[in-house]
Amino acid sequence: MFVEDDPHFAELLSVVFQNSEQIDFKAGFRSIEDFVRAQASEAQLANWYPDVLVMDVMSGNDIRFDGATYANSLRTSGVRVGVVLVSSMMLGKIMDVFRKTNPGGWRALQKTSRLKSEEIISAVLEAADEMRTK
Amino acid sequence: MKRLLVLRISLLVLAITSQSYLIYLIRSDPGDDLFLGEIIAISILIYTSTVISFGIRNFLRIWNRQRKSETSIGVLESDLNSMKERMILVDSEIRKQVGVWLHGSVQSKLMKLSRELRFYNLSEIADEVDDLSENEIRNYAHQLFPPALNISLEAGLVDLVGENVELVIDERLSEQSAVTTQSPNSDGLTRAIPRMNRLVLPSGLSYAIYRVIEEGLSNANKKPEVTRIKVTVNVVGNSIEITVEDNGSKLSEPVTPGLGLTLFDIYSSNFGGRFSLENTQDGVAMRVVLMFTPVNVKEAISQKRTGSRSE
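Read top to bottom, the protein sequences are chains A and B.
By this note's numbering, the letter at position 48 of the first sequence is numbered 978, and the numbering carries on one by one without gaps.
By this note's numbering, the letter at position 186 of the second sequence is numbered 326, and the numbering carries on one by one without gaps.
Watch out, some of these pointers could steer you wrong.
[Said to hold, decoys possible] Simulated DEER-style distance windows between Cβ atoms:
1. A/V945 to B/S263: 14 to 22 Å
2. B/E303 to A/N977: 39 to 47 Å
3. A/G1022 to B/G214: 25 to 33 Å
4. A/Q1040 to B/R414: 34 to 42 Å
Just so you know, the hints here were simulated from the structure itself, not pulled from any lab data.
For glycine and all other residues, C-beta sits at the position ideal for the given N, C-alpha and C.
Chain A extracted, bound-state conformation:
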């Protein structure tokens, strides 16, 4: 599952996940607001959350809902979901802010033209593995 407001990168993620045998792609949302709406309409949340959520850092317009903070909120509320944050900036040390609150299951990807499909898949699988073992 991913939340990505950039149509080009959303298309890339869709193609990569749909073509991957290792990943069962569930859904893609264009904003956190869309994600929240879908979440709210779901009766059985236990089966709804994916193992990993790929989240663009800047994919919401609401001050409560920047992607990184929202994903962190999900984790704190008890949802066991690995998170891959994507951004044009290098997240690097910023990831420590979220790892401090909810250790484990975090990965970051920088949006560049050199980003390879394998790197995206690898980040998703690593986040999922880390969540399973923690």
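Given chain A, put chain B in place with the hints provided.
Relative to chain A, chain B alone:
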């Protein structure tokens, strides 16, 4: 001046004489014998009371005017401060919007273009597009408004200070205060409800805090002997207190404003705060206080709904 004095005295004598004559005429019926001195005394009394009453009236008029002027000056000062705040807000909002546009939209389109160029084996041109996107545009966007500040002040500062600087940030500004509260559902799971007590800083204030700390770190790093730097950001009442401490050489003489110090002055005066640079036990501490109105997420959302705040 002398002529004016003579004229005034003449007028005074004339007024008293004419008043005395008038009283004499009024009071001069048979059997009523007033002394001349008594008449003059009454005249002086009438004249004096008239002058005093005119004086009081003039004084009240001037006092009222002064009071109105003071009120007008107060209103003008308040308008000026409000305009200054709006200018800062508009400036930082424009910076933020242009930064987000460059960082998000422009970089995204260049990335797509670069990928397509690589698809057609035009790697050299793709590298140039990447260089434009990942170096020039990214640096420019960062100068306009550091993108990490779009996540939170804490994310921005963690990104800024690097590995060797100790950063202590008030919990009300940190990610710790943005976590969800537990809200059990019928299916036993919880739905994400962001906690509402994290303080929302106007983008202009976040930007000012970031730039002040950036400048403080730059000043501390200029001293080669510095091995320890500590940055503290605290919320105290209606103010943000920023301290950048280092263990470098102490100040030997009074602080003279340089470019960096001017920047501290500008930011502290823009936010009605203050700036100081002083020696500590180990080295030097730079302190900047910026005033603000603390608004948490819950209040900000409520204000946004009622349209009382543009952010």
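Tested hints:
no.	hint	verdict
1	A/V945 to B/S263: 14 to 22 Å	holds (21 Å)
2	B/E303 to A/N977: 39 to 47 Å	holds (42 Å)
3	A/G1022 to B/G214: 25 to 33 Å	violated (49 Å)
4	A/Q1040 to B/R414: 34 to 42 Å	holds (40 Å)
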